[in-house]
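Visitor: Sequence:
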Amino acid sequence: MTSALLNLKDLDREGLRAALAARGHPPYRGDQVFRWVWRRLAESVDVMTDLPAAMREDLRAGARLPRLEATDARAAADGTIKMLLALEDGRDVECVIIPEGERRTLCVSTQVGCAMGCSFCRTATMGLVRDLAAWEITEQVLAAERVLVARGDARVLKMGRGQGGEVHRRLTNLVFMGMGEPLHNIEATVTALRVLTDDAGLAFPPRRITVSTVGLVDRIPEFLERTGVNLAISLHAPDDEVRGRLMPVNRRHDVGEVFALLKTLPLPRRRRVTFEYVLLAGVNDEPAHARTLARRCREVLDRVKVNLIPFNPHEGAPYARPSPERVAAFQAALQHGGVENVTVRRARGDDILAACGQLALEKLAGRRRLPAARP
Numbered sequence: 000m001t002s003a004l005l006n007l008k009d010l011d012r013e014g015l016r017a018a019l020a021a022r023g024h025p026p027y028r029g030d031q032v033f034r035w036v037w038r039r040l041a042e043s044v045d046v047m048t049d050l051p052a053a054m055r056e057d058l059r060a061g062a063r064l065p066r067l068e069a070t071d072a073r074a075a076a077d078g079t080i081k082m083l084l085a086l087e088d089g090r091d092v093e094c095v096i097i098p099e100g101e102r103r104t105l106c107v108s109t110q111v112g113c114a115m116g117c118s119f120c121r122t123a124t125m126g127l128v129r130d131l132a133a134w135e136i137t138e139q140v141l142a143a144e145r146v147l148v149a150r151g152d153a154r155v156l157k158m159g160r161g162q163g164g165e166v167h168r169r170l171t172n173l174v175f176m177g178m179g180e181p182l183h184n185i186e187a188t189v190t191a192l193r194v195l196t197d198d199a200g201l202a203f204p205p206r207r208i209t210v211s212t213v214g215l216v217d218r219i220p221e222f223l224e225r226t227g228v229n230l231a232i233s234l235h236a237p238d239d240e241v242r243g244r245l246m247p248v249n250r251r252h253d254v255g256e257v258f259a260l261l262k263t264l265p266l267p268r269r270r271r272v273t274f275e276y277v278l279l280a281g282v283n284d285e286p287a288h289a290r291t292l293a294r295r296c297r298e299v300l301d302r303v304k305v306n307l308i309p310f311n312p313h314e315g316a317p318y319a320r321p322s323p324e325r326v327a328a329f330q331a332a333l334q335h336g337g338v339e340n341v342t343v344r345r346a347r348g349d350d351i352l353a354a355c356g357q358l359a360l361e362k363l364a365g366r367r368r369l370p371a372a373r374p
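The sequence shown maps to residues 0 to 374 in numbering that gives the first Met the number 0.
Please keep in mind that the hints were generated in silico from the structure rather than gathered at the bench. From the three backbone atoms N, C-alpha and C, an ideal C-beta is built for every residue, glycine too. None of the hints are false.
Simulated restraints, written as ranges between beta carbons of each label pair:
id, residue 1, residue 2, range
1, 244, 270, 26 to 34 Å
2, 300, 23, 51 to 59 Å
3, 218, 154, 31 to 39 Å
4, 324, 154, 33 to 41 Å
5, 302, 331, 17 to 25 Å
6, 324, 167, 41 to 49 Å
7, 129, 51, 35 to 43 Å
8, 217, 20, 27 to 35 Å
9, 217, 51, 42 to 50 Å
10, 335, 238, 13 to 21 Å
11, 337, 61, 58 to 66 Å
12, 243, 49, 55 to 63 Å
13, 250, 340, 28 to 36 Å
Start from the sequences, fold in the hints, and give me the full structure.
Guide: This is how it looks when you write it as structure tokens:
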């Protein structure tokens, strides 16, 4: 749904300054409005009392502050919460809250569906429905915070100083690993990240945000330069023969191109790129695959770490999850080959189809459901 009204949530601070200047307001008023929107979480222009009355009247008539609500929030046995958010055009999108000790990680979506076509991913079965706007990406954070408050999560993290003031929130980390390919929707993703990391906005440190891509090599340098967040690349195979069968993107950006980029990518000191590797039984989980991957990693050992993800099954998928012993053997082979920084991602929320690769709106698309009761 489109609107002629200025969406005060769909711009980063620089963009908001420019938009308000175009309406005849001094650019510094953009900073004030930005803080009201993202730090004070204003739901109406009327509460922005440090703005001149004439400006409030202009924004009251010509701007809007939309909000996304969770129409369904269901908890898995392990405490993972899958949220269904109702979009203004009648569509829906999913995102996931993952609690882990003192951490509260939100798995953020950037598109409804996905165009990348990875054969092991349930989201890919939807195809690309549409991109999310920047405000729809950022609003997932606020919607998740509201769900945590409603469920009685009392943990509060205090961040932010300066003109923005202190910000209280329950989420500690963000991973852009939900529905969609973030770099396929790069402008909206970048704008959302600029709001999320702005000291006058939601003040997330860039080091607490990780964005995952299937490996759109031509967009990665620009993306990192504009955001400074952590990067994860979906590799899922050590060679083109296997990766080409699993991921159509390999025809455009093959394994060699991914490793060539890593050799030249300017990374902050001690910052590493994560290779995500979904383990599929009998497909890419042989010790020979691990040895090949280890050999490829030798020239970039100080730049990469590997996160192994045992496949999360879903209906219709032609793959199976390897046994824990096979996963451990693959990890050991990588480490024996010199890749010391290897972790195994534990499945979270797979009993409600909330785990990695399982998001696809189930049969809820187009339906409006009441939020789940607090457990």
